[in-house]
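Undergrad: As a plain string of letters, each chain reads:
Protein chains: 2
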Amino acid sequence: MPYIPLEEHLPGITGLLEYRKDTAAPIRELTQFLLRGPSSLTEGERELIATIVSHRNECRFCTAAHTAAADILLEEEETSARVKQDIATAPVSDKMKALLTIAALVQQGGKYVTPESIEKAKDLGATDIEIHDTVLIAALFCLYNRYVDGLSTVAPTDPGFYKGLGERLKNHGYNRLPQGYDHLKKKA
Amino acid sequence: MPYIPLEEHLPGITGLLEYRKDTAAPIRELTQFLLRGPSSLTEGERELIATIVSHRNECRFCTAAHTAAADILLEEEETSARVKQDIATAPVSDKMKALLTIAALVQQGGKYVTPESIEKAKDLGATDIEIHDTVLIAALFCLYNRYVDGLSTVAPTDPGFYKGLGERLKNHGYNRLPQGYDHLKKKA
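Those protein sequence lines, which keep their order, are chains A and B. Taking our numbering, I'd label the letters of the first sequence as residues 62 to 249. Taking our numbering, I'd label the letters of the second sequence as residues 62 to 249.
In short, the hints are calculated from the structure, not lab data. One or more hints might be untrue.
[Said to hold, decoys possible] The calculated EDC-like cross-link candidates involving lysine to aspartate or glutamate, where the alpha carbons are at most 20 angstroms apart (straight line), are: (1) B/Lys224 to B/Glu136; (2) B/Lys145 to B/Asp184; (3) B/Lys172 to A/Glu119; (4) A/Lys172 to B/Glu119; (5) B/Lys231 to B/Glu139; (6) A/Lys82 to B/Asp189; (7) B/Lys82 to A/Asp147; (8) A/Lys158 to A/Glu138.
If we strip away everything but chain A, and leave its shape as in the complex, we get (with noise of 0.2 angstroms):
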């Protein structure tokens, strides 16, 4: 049961976003921005980043969500499972390794982002924005699921809930859904 008084139809992050509009437009402004406008990191990629962060904090609803985002993105289902799992062998580029695990590190900290960590990735062929990006979406993350979780919102236990709202990310990306889109809101 959530701490305060959420719509019961609109389980974590999504009924936060409704109880108070007026903090949740520049939050879906900037992760509209950092998840789906201009950048060389794919949709898929950003979305790995928000996935490994809410996992790492054991976000149930976050992780759930996020993953099922990257997942329609990137078309198949192994690259987040094995990120999750151990970025180190997981199906993705060695410069997306390296970001990925600036990103682990921010989850623990912004002190545990060490020297070496950044230099490897731009040995790699990342650019300065793309680990401005990366550490910042790491932070947001870091956000959300203390949003999340610190208010006690529900997470659905139904696959099919959180595939749906990946559907949603993916087609409607993170602003608010227009009017007359009631049925998708009410599905996600």
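Model the placement of chain B on the given structure of chain A, informed by the hints.
TA: Frame of chain A, contents of chain B only:
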């Protein structure tokens, strides 16, 4: 030395917000609303939440900046110092002690927030919105602290720097300084 090229005269978060204005805009907007927007918590109380989280995350820049802002808003330096030392015996209301305790739990992770900690805050008069905002402010500073330290930004050692920044946060809030305020930007 920061891990990415930031303007040397802009330490801590200030350089990051200039580096990537597309992400800075919603971050500023969210912070301005949560820390300076309409609320039944005073601006000083909200800066104390930012302070305790930054302190527990051992983020030197953010701790010094928000301690300075809290001190200026509260017109004394004892409260912030004692909150950082021990929430239970700090000279704040019982409701604020309960909210600062929740913020400190969020710092550890969303799942650390217990039903008992929420119940206690509600018994002491905290509203749902106050609890929501406390959790979200704490989560936001978990983002900031990781952003600032994860990219290894510089934290000035001169206390005068943070006093200037605290004054700016009191007088101008978290919005971007308009053109013509460059002297303030340089000082901060």
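Undergrad: Determine for every hint whether it applies to the structure shown.
TA: Results of checking the hints against the structure:
no., hint, result
1, B/Lys224 to B/Glu136, "13 angstroms, holds"
2, B/Lys145 to B/Asp184, "24 angstroms, violated"
3, B/Lys172 to A/Glu119, "9 angstroms, holds"
4, A/Lys172 to B/Glu119, "9 angstroms, holds"
5, B/Lys231 to B/Glu139, "18 angstroms, holds"
6, A/Lys82 to B/Asp189, "15 angstroms, holds"
7, B/Lys82 to A/Asp147, "34 angstroms, violated"
8, A/Lys158 to A/Glu138, "17 angstroms, holds"
Of the numbered hints listed earlier, those contradicted by the structure are 2 and 7.
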